[in-house]
Amino acid sequence: MVNPNVQGKKYPATDPYLVGREKIREFAHAVKSTNPMNLDVFAAQAAGYTDVIAPPTFAVVIQERSLATVLADPEADIDFSRVVHGDQRFIHARPIVAGDELVSELEVASVKSLGAHSMVTFETKIYDFEKELVCTAISTLVVRGDE
Amino acid sequence: MTHINIASLEVGQEIGKTEFLLTRDSLVRYAGASGDFNQIHYRDDVAAAVGLPGVLAHGMLTMGAAVQVAVDWVGNAGAVVDYQVRFTKPVVVDPVDGAVLVVTGKVGEIDAENKIVRVDLEAVFADTKVLGKAQARVQL
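If you read the protein sequences in the order shown, they are chains E and R. With numbering that gives the first Met the number 0 as the guide, the letters of the first sequence map in order to residues 0 to 146. With numbering that gives the first Met the number 0 as the guide, the letters of the second sequence map in order to residues 0 to 139.
Please keep in mind that the hints were generated in silico from the structure rather than gathered at the bench. Please note that the accuracy of each hint is not assured.
Simulated pairs of lysine-lysine, DSS-like, Cα-Cα distance not exceeding 30 Å [as the list claims (entries may be wrong)]:
#: 1; chain 1: R; residue 1: K114; chain 2: R; residue 2: K128
#: 2; chain 1: E; residue 1: K124; chain 2: E; residue 2: K9
#: 3; chain 1: R; residue 1: K105; chain 2: R; residue 2: K16
#: 4; chain 1: E; residue 1: K8; chain 2: E; residue 2: K130
#: 5; chain 1: E; residue 1: K111; chain 2: R; residue 2: K128
#: 6; chain 1: R; residue 1: K132; chain 2: E; residue 2: K9
#: 7; chain 1: R; residue 1: K16; chain 2: E; residue 2: K9
#: 8; chain 1: E; residue 1: K22; chain 2: E; residue 2: K9
#: 9; chain 1: E; residue 1: K22; chain 2: R; residue 2: K132
#: 10; chain 1: R; residue 1: K16; chain 2: R; residue 2: K128
#: 11; chain 1: E; residue 1: K111; chain 2: R; residue 2: K16
#: 12; chain 1: E; residue 1: K8; chain 2: E; residue 2: K124
#: 13; chain 1: E; residue 1: K8; chain 2: E; residue 2: K111
#: 14; chain 1: R; residue 1: K16; chain 2: R; residue 2: K88
#: 15; chain 1: R; residue 1: K88; chain 2: R; residue 2: K132
#: 16; chain 1: E; residue 1: K111; chain 2: E; residue 2: K22
#: 17; chain 1: R; residue 1: K114; chain 2: R; residue 2: K132
#: 18; chain 1: R; residue 1: K16; chain 2: E; residue 2: K22
#: 19; chain 1: R; residue 1: K16; chain 2: R; residue 2: K114
#: 20; chain 1: E; residue 1: K124; chain 2: R; residue 2: K114
#: 21; chain 1: E; residue 1: K22; chain 2: E; residue 2: K130
#: 22; chain 1: E; residue 1: K111; chain 2: R; residue 2: K132
#: 23; chain 1: E; residue 1: K130; chain 2: R; residue 2: K114
#: 24; chain 1: R; residue 1: K88; chain 2: E; residue 2: K124
#: 25; chain 1: E; residue 1: K111; chain 2: E; residue 2: K9
#: 26; chain 1: R; residue 1: K105; chain 2: E; residue 2: K8
#: 27; chain 1: R; residue 1: K132; chain 2: R; residue 2: K105
#: 28; chain 1: R; residue 1: K128; chain 2: R; residue 2: K105
#: 29; chain 1: R; residue 1: K16; chain 2: R; residue 2: K132
#: 30; chain 1: R; residue 1: K88; chain 2: R; residue 2: K128
#: 31; chain 1: R; residue 1: K88; chain 2: E; residue 2: K22
#: 32; chain 1: E; residue 1: K124; chain 2: E; residue 2: K111
Chain R is nowhere near these chain E residues, computed Cβ spacing over 10 Å in every case [to be verified]:
#: 33; residue: R20
#: 34; residue: Q44
#: 35; residue: A46
#: 36; residue: Y48
#: 37; residue: T56
#: 38; residue: V83
#: 39; residue: E129
Since the structure is predicted, the reported quantities are computational estimates derived from the model, not experimental observations. Quick reminder that beta carbons are idealized off the backbone N, C-alpha and C, glycines included.
My request is simple: use the sequences and hints to build the entire structure.
Here is the structure:
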């Protein structure tokens, strides 16, 4: 069982993640994107961006860095081998652009039990180098209990 | 800037449909690109040991591919201001044939004042919907 006392717990900001142009292209190919904004610098610049922009779900890469700190936290007591992804949401203030240096701050929004299972919702705020909010990522994990 | 005239849209209107072939190669590629190296996405023995019907596609791969239908319609990946899904059913990826994911996008809601359209995405694998409440809000 996930420790219900971690509800409301905030984890410190991660080290900055530098978003690379080729990383965006690699991720775009992986999610089957053919959108020129993800791949072609000139197309992205013509649309007013400074460089290629990331697909809408790329923020998961940043979210995972915060999530890793929670999974490593003995107080939270989350058994990763029992984790199933329940739902996911990304609210973008702006798209992620190649060259961004991003940090994320995670808060455990809620811990609920559902029979033997636990449902944990995380809210991860992703900020750029100027501390402006880029994206809020909300993720719910289902942690299966003993059957 | 967009080619879409919001006044001409109707709720329920189909905006696109795409078939994605997810193979084991797609899963390995997504693992590398995303950093999600959970072995249930590439090892049959590990998937079987934890009671799964087979190697599964990453839920985030299904989520990431499905939204492309909305992205292709609006023409700009940066126009998706809010996107959410619920992972309801697994996508089992056969080592030889892969898995075919069919994604259909429909207009779910029109906010003419703020020029935001909610696109409802339906993702189907083997006659089963694999995502619930898959909604992408697109800024026109």
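Right, here's what the structure says about each hint:
Using a Cα cut-off of 30 Å, the hinted pair K114 (chain R) and K128 (chain R) holds, with the two alpha carbons roughly 29 Å apart. Distance check on the hinted pair: K124 (chain E) and K9 (chain E) sit about 11 Å apart at the alpha-carbon level, within 30 Å; holds. Distance hint between K105 (chain R) and K16 (chain R) is fulfilled; the C-alpha atoms sit about 9 Å from each other, no more than 30 Å. Taking the CA atoms of K8 (chain E) and K130 (chain E), the gap is near 21 Å; set against the 30 Å cutoff, the hint holds.
Taking the CA atoms of K111 (chain E) and K128 (chain R), the gap is about 26 Å. The hint holds against a cut of 30 Å. Between K132 (chain R) and K9 (chain E), the direct Cα distance comes to roughly 28 Å. Compliance with the 30 Å bound is thereby established for this hinted pair. Simply put, K16 (chain R) and K9 (chain E) have alpha-carbon atoms about 41 Å apart, too far for the 30 Å limit, and the pair is violated. Restraint check for K22 (chain E) and K9 (chain E): the C-alpha separation of about 29 Å stays at or below 30 Å, so the hint holds.
Distance hint between K22 (chain E) and K132 (chain R) is fulfilled; the C-alpha atoms sit about 29 Å from each other, no more than 30 Å. Among the hinted pairs, K16 (chain R) with K128 (chain R) is consistent with the structure: their alpha-carbon atoms are about 14 Å apart, no more than 30 Å. About 37 Å separates the Cα atoms of K111 (chain E) and K16 (chain R), which puts this hinted pair outside 30 Å; it is violated. For the given pair, K8 (chain E) sits about 14 Å from K124 (chain E) by alpha-carbon distance, which is consistent with the 30 Å threshold.
A C-alpha spacing of about 14 Å is found between K8 (chain E) and K111 (chain E), which places the hinted pair at or below 30 Å, so the restraint holds. With a C-alpha separation of about 20 Å, the suggested pair K16 (chain R) and K88 (chain R) falls inside the 30 Å cut-off, and the hint holds. The hinted pair formed by K88 (chain R) and K132 (chain R) meets the criterion: a straight-line CA distance of about 13 Å does not exceed 30 Å. For the given pair, K111 (chain E) sits about 36 Å from K22 (chain E) by alpha-carbon distance, which is inconsistent with the 30 Å threshold.
A hinted pair counts as satisfied when its Cα atoms are at most 30 Å apart, and K114 (chain R) with K132 (chain R) qualifies at roughly 21 Å. In summary, the hint linking K16 (chain R) to K22 (chain E) is supported, as the alpha carbons are separated by about 27 Å, within the 30 Å threshold. About 23 Å separates the Cα atoms of K16 (chain R) and K114 (chain R), which keeps this hinted pair within 30 Å; it holds. Simply put, K124 (chain E) and K114 (chain R) have alpha-carbon atoms about 25 Å apart, close enough for the 30 Å limit, and the pair holds.
With a C-alpha separation of about 22 Å, the suggested pair K22 (chain E) and K130 (chain E) falls inside the 30 Å cut-off, and the hint holds. The suggested pairing of K111 (chain E) with K132 (chain R) holds, with an alpha-carbon distance near 21 Å, which does not exceed 30 Å. The suggested pairing of K130 (chain E) with K114 (chain R) holds, with an alpha-carbon distance near 27 Å, which does not exceed 30 Å. The suggested pairing of K88 (chain R) with K124 (chain E) holds, with an alpha-carbon distance near 28 Å, which does not exceed 30 Å.
Restraint check: the Cα-Cα separation between K111 (chain E) and K9 (chain E) comes to about 17 Å, which is no more than 30 Å; the hinted pair holds. Restraint check for K105 (chain R) and K8 (chain E): the C-alpha separation of about 38 Å exceeds 30 Å, so the hint is violated. Note on K132 (chain R) and K105 (chain R): the hinted pairing holds, with a Cα-Cα distance of about 12 Å set against a maximum of 30 Å. The hinted pair formed by K128 (chain R) and K105 (chain R) meets the criterion: a straight-line CA distance of about 15 Å does not exceed 30 Å.
Simply put, K16 (chain R) and K132 (chain R) have alpha-carbon atoms about 17 Å apart, close enough for the 30 Å limit, and the pair holds. Between K88 (chain R) and K128 (chain R) the alpha-carbon distance is near 7 Å, which keeps this suggested pair within the 30 Å criterion. With a C-alpha separation of about 29 Å, the suggested pairing of K88 (chain R) with K22 (chain E) holds against the 30 Å cut-off. Taking the CA atoms of K124 (chain E) and K111 (chain E), the gap is near 21 Å; set against the 30 Å cutoff, the hint holds.
No beta-carbon of chain R comes within 10 Å of the beta-carbon of R20 (chain E); the shortest separation is about 14 Å. The beta carbon of Q44 (chain E) is kept farther than 10 Å from every beta carbon of chain R, the shortest such distance being approximately 12 Å. A46 (chain E), annotated as away from the interface, has a beta carbon of chain R within 10 Å; the closest lies near 6 Å. Interface exclusion of Y48 (chain E) from chain R breaks down, the closest Cβ pair being 7 Å apart, not more than 10 Å.
A cut-off of 10 Å between C-beta atoms contradicts the statement that T56 (chain E) is not in contact with chain R; the least separation is 4 Å. Not every CB of chain R lies more than 10 Å from the CB of V83 (chain E), the least distance being 8 Å, so the non-interface label is violated. Every beta carbon of chain R lies more than 10 Å from that of E129 (chain E), the smallest distance being close to 18 Å; the non-interface claim holds.
Consistency note: the structure conflicts with the earlier hints numbered 7, 11, 16, 26, 35, 36, 37 and 38.
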